[in-house]
Amino acid sequence: MKKFINSVDTVLTESLDGFVAAHTDILVLGDEHKFIRRKE
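Yeah, the sequence shown ends on 42 if you go by the numbering used here, and it's all consecutive.
Among the hints, erroneous ones may be present.
[As the list claims (entries may be wrong)] Here are the in silico distance ranges between beta carbons for each label pair: (1) H35 x K5: 19 to 25 Å; (2) F37 x S9: 18 to 24 Å; (3) R39 x E16: 17 to 23 Å; (4) R39 x V13: 18 to 24 Å; (5) D33 x V10: 19 to 25 Å; (6) E42 x G20: 20 to 26 Å; (7) K5 x D27: 28 to 34 Å.
Treat the hints as calculated values from the structure; they're not laboratory data. The C-beta atom is built at its ideal place from N, Cα and C for all residues, glycine as well.
Produce the complete structure using the sequences and hints provided.
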């Protein structure tokens, strides 16, 4: 069985990094990798 979450401590950061990487044309990663915002 494969794990989808490697570490509970880094799941938010890794998820947001991947989401922003997939949508670099419209999104920007916020300070400390805790939130995303629309690119201006």
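Checked hints:
no. : hint                  : in the structure
1   : H35 x K5: 19 to 25 Å  : 21 Å, holds
2   : F37 x S9: 18 to 24 Å  : 20 Å, holds
3   : R39 x E16: 17 to 23 Å : 18 Å, holds
4   : R39 x V13: 18 to 24 Å : 20 Å, holds
5   : D33 x V10: 19 to 25 Å : 22 Å, holds
6   : E42 x G20: 20 to 26 Å : 22 Å, holds
7   : K5 x D27: 28 to 34 Å  : 31 Å, holds
Checked against the numbered hints given earlier, the structure satisfies every one of them.
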